[in-house]
Amino acid sequence: MAQRNSSRRRQSNSENFMDYSLLFIVLFLLGFGLVMVYSTSSYEANLDYNNAAYYLKKQLFATILGLIAMLVVANIPYHFWERFAVIGYLVSVVLILLIIPFGHESHGAKRWLYIGPISLQPAEVAKLCMILFLASMICTMGKQIRYRKGFWMVLLVPMPIALMLWKITQNMSSAIIVVGIAVLMLFVSCPDYKRFILLGLAAVAGAAAVVFVIVQMAASQVDSLDFRGARILAWLDPEAYASGKGFQTIQALYAIGSGGVLGKGLGASMQKLGFLPEAQNDMIFSIICEELGLFGGFAVIIMFIMLIWRFMVIANNAPDLFGALLVVGVLGHIAIQVILNIAVVTNTIPNTGISLPFISYGGSSVMFLLIEIGLVLSVARGIRLKDL
Amino acid sequence: MMDEMPYQHKTYHRSKTVVVMFLCLIVFGILMGRLVYLMVFRSEYYTMKAKELHERERSIKAARGRIIDAGGKVLADNKTVCTISVIHSQITDAEAVIAMLCKELGLSEEYVRKRVEKYSSIEKIKSNVDKSVGDAIRAYDLAGVKVDEDYKRYYPYDSLGSKVLGFTGGDNQGIIGLEVIYEEYLQGEAGTILTVTDAKGVEVAEAGEERVEPVGGQDLYISMDMNIQSYATQLALQTMETKEADSVSILVMNPQNGEIYAMVNVPEFNLNDPYTLPDTVDGDNVSEEKKQELLNGMWRNGCINDTYEPGSTFKIITAAAGLESGAVKPTDTFNCPGFIMVEDRKIRCHKVGGHGAEDFVQGTMNSCNPVFITVGLRIGVERYYSYFKQFGLLDRTGIDLPGEAGTIMHNVDNIGPVELATISFGQSFQITPIQLAVTASSIINGGRRITPHFGVRVADNDGSNSQVFSYPVRDHVVSEETSETMRYILEQVVAEGSGKNGAVEGYRVGGKTATSQTLPRGSGRYIASFLGFAPADDPQVLAVAIINNPQGTYYGGQIAAPVVRQLFENILPYLEKMDYNKT
Chain A
1 MAQRNSSRRR
11 QSNSENFMDY
21 SLLFIVLFLL
31 GFGLVMVYST
41 SSYEANLDYN
51 NAAYYLKKQL
61 FATILGLIAM
71 LVVANIPYHF
81 WERFAVIGYL
91 VSVVLILLII
101 PFGHESHGAK
111 RWLYIGPISL
121 QPAEVAKLCM
131 ILFLASMICT
141 MGKQIRYRKG
151 FWMVLLVPMP
161 IALMLWKITQ
171 NMSSAIIVVG
181 IAVLMLFVSC
191 PDYKRFILLG
201 LAAVAGAAAV
211 VFVIVQMAAS
221 QVDSLDFRGA
231 RILAWLDPEA
241 YASGKGFQTI
251 QALYAIGSGG
261 VLGKGLGASM
271 QKLGFLPEAQ
281 NDMIFSIICE
291 ELGLFGGFAV
301 IIMFIMLIWR
311 FMVIANNAPD
321 LFGALLVVGV
331 LGHIAIQVIL
341 NIAVVTNTIP
351 NTGISLPFIS
361 YGGSSVMFLL
371 IEIGLVLSVA
381 RGIRLKDL
Chain B
1 MMDEMPYQHK
11 TYHRSKTVVV
21 MFLCLIVFGI
31 LMGRLVYLMV
41 FRSEYYTMKA
51 KELHERERSI
61 KAARGRIIDA
71 GGKVLADNKT
81 VCTISVIHSQ
91 ITDAEAVIAM
101 LCKELGLSEE
111 YVRKRVEKYS
121 SIEKIKSNVD
131 KSVGDAIRAY
141 DLAGVKVDED
151 YKRYYPYDSL
161 GSKVLGFTGG
171 DNQGIIGLEV
181 IYEEYLQGEA
191 GTILTVTDAK
201 GVEVAEAGEE
211 RVEPVGGQDL
221 YISMDMNIQS
231 YATQLALQTM
241 ETKEADSVSI
251 LVMNPQNGEI
261 YAMVNVPEFN
271 LNDPYTLPDT
281 VDGDNVSEEK
291 KQELLNGMWR
301 NGCINDTYEP
311 GSTFKIITAA
321 AGLESGAVKP
331 TDTFNCPGFI
341 MVEDRKIRCH
351 KVGGHGAEDF
361 VQGTMNSCNP
371 VFITVGLRIG
381 VERYYSYFKQ
391 FGLLDRTGID
401 LPGEAGTIMH
411 NVDNIGPVEL
421 ATISFGQSFQ
431 ITPIQLAVTA
441 SSIINGGRRI
451 TPHFGVRVAD
461 NDGSNSQVFS
471 YPVRDHVVSE
481 ETSETMRYIL
491 EQVVAEGSGK
501 NGAVEGYRVG
511 GKTATSQTLP
521 RGSGRYIASF
531 LGFAPADDPQ
541 VLAVAIINNP
551 QGTYYGGQIA
561 APVVRQLFEN
571 ILPYLEKMDY
581 NKT
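Taken in order, these protein sequences are the chains called A and B.
According to my numbering, the first sequence is numbered sequentially starting from 1.
According to my numbering, the second sequence is numbered sequentially starting from 1.
Don't read these hints as lab results, they were simulated from the structure.
Derived lysine-lysine pairs resembling DSSO-like cross-links, with alpha carbons at most 30 Å apart:
hint, chain 1, residue 1, chain 2, residue 2
1, A, K264, B, K51
2, B, K49, A, K264
3, B, K200, A, K57
4, B, K118, B, K146
5, B, K200, A, K58
6, B, K200, A, K264
7, B, K200, A, K110
Bound-form chain A, shown alone (with noise of 0.2 Å):
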């Protein structure tokens, strides 16, 4: 009762917060994106489909449904979807599930769900949803959070979706980021530091053993090194598994190398030519760097940490917890994209499979990020001026 007073008062307050800022940070990014997907596209598109702007069109087209769907999300009050927090988890497993019948199969890893003319991966929605539900689940169990019992649920709920992720996708970095966001929409929501300097060391120590044991089993040439166990060798050492594993890692090496601080010129890019196979998907930021120099490649990642000072921004002043939580787990969603990205193109970890926010091709993920902002937009409408 008092939340729907609240809400008539501010609608009623013309005073009411639109985000300029946020909007144009990413409309600069998306812009920004079409023109290199041009760019590191064409060549190949005009190659394969007789079409430069082929790949173009396709992300226009999915970017302006995308917009179209940010200004319904941002016109809608936020709270309008907790209700439906425990159907986005339920819609989440059973996408997932439904990926073993009717997964189409792409590069080698089922993703994705083709209903009529449209694709859609579920590891997008569960990343949406995901969101939802935490915020939600986190508002209700209230003062609950502090205590042991519901830090641990909250760490808990995530891992069936995540697992699943993992084994039915085959797609490991949306399960990091769904573990991520939960991680983070946690850390914001419990006072509590200790644990998680606790769970961090453990992770830290967790994926140290597991490269010292894979460097050992490769020592003792024991041959039942999985895909996984190989990427691992490859990102040690690169130029070793140039031919296998190694190969995108060392031609998005090459891109960003020889971009060196001034970049060859938008357009100019060698690499995007055939050697760094579709470069306008994951690898872009290579290409970017190697068009763009090291100026243009700290360009984007100024514009990404203005973006997520933008989220820290809103989830600081939103109106409750419950936007607040949503926007810190899209903020989580965004920079955990983002870091893991670029920590892949420039070989900082692990090669796998993850694309950036807003400038890579991929229609699907390009619709659910901006449904996102959407959102944040919406709490940001909750803040009053005179709050600020």
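For chain A, the structure is supplied; the task is to place chain B on it using the hints.
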């Protein structure tokens, strides 16, 4: 709860969100550091690696150095030929390209269409196309058609001196002859075109190309004289035909310095078409191996690669050894009853009735075997063998042609009186014709063992950077006195003896004939030969003619000596004129 929430929200939620922000900033900072490392400190390395990956190297053949004869005539040259290719991705009007290529190259439409429509980066249509045709195709200026110029070795005189000059292979490398020996001077340095390509190898036009120009090979100037060589070739061919011989070799050289003016081995082969066997040989229905064997046989240079029993021409060496050792003097008298007993063996003279009483000069003029056997036995095995060594007969001559055969000689321990006797008149061992010519040269030129050669000098295409070759000369092989005596005796051989068919009016010619039966004895196969030089008192030219398996008359004095005479009749005035011009 509603009262509590704003409070919480304003305290630790806020601060924790700020912590998240800062954590992100730290991670982004690390990634930016990584970018700085990759794009500033490792940039040079990755730029180099990427360049290696993007650039395709095409080599540009260097023009091979020419081979030029003593008179400045070009014996081996380069011809510009074109390679016609199509680049699928650049073709705009496929039909026009197909029609044009069919017309200009005379190819079937089916053949051309298949290649033009094939999806590949670059497809070769035809290579070794004449430059005029290449220019015509270029004039059409059709997109996607590429005309690459290239050099091909070209021999203006086809088969002239084929076994000496040699030819080159597909990569312009020498296969046989002088082309092999002087490879390092002739080949030049290939240039490169660096082009930037995409991953499929298609050139990226905007990127342009980097060229490293080829450096042409140096021209080789040789002592062969095209006029002498071609006249000798005519003579050899004529002789081979009239005598129905298997092959005829003529070697003409300067006995003073080892320069070779001509080296003919008929049948020769066409240097511009070296892989076609002559019509008389069936090269179609044989295995690859057999065909290669036949080709190798066709390319063999008999003057150098093959050995034979020299027969009586070798008496020059025996005489020189006898005179040098003091075992015989020109005035020593001998008696030839038509045979001589060596141990229990009766060795016959070619004149059944015997030559009767004769001195050493007459014995040489008669080419009398008993005389030379006697001289050989007087010298003795040890001394004879040491002269053999001193004359250089046991080593190769060191001629600048590949595959020189060595001397096949008895081991010194196995030479008994009978062997020594047969060696004395040139049988039971084998040497190459060039070995005979060089050894005879050193005996008549005052005792200087010269190195036979063709290569005189190399120079750049414009004549600069000339580098003159020098060849080893070994002095005092025989004394000047012995040399003079030998010149006198050999002049007598031609003037009044067995070599009188080699005499040339108006010139003093020295020489020695030979007729040797080839192994196995009794096969009826002979080698007739004659070694002549002129002028006899100061030899400027020495010639050897060898007729292999002539039909009918097979005596060297009757069939080989006239060949050298005809040769001398023509080249002696010519050489005098040449000398006149030089001074």
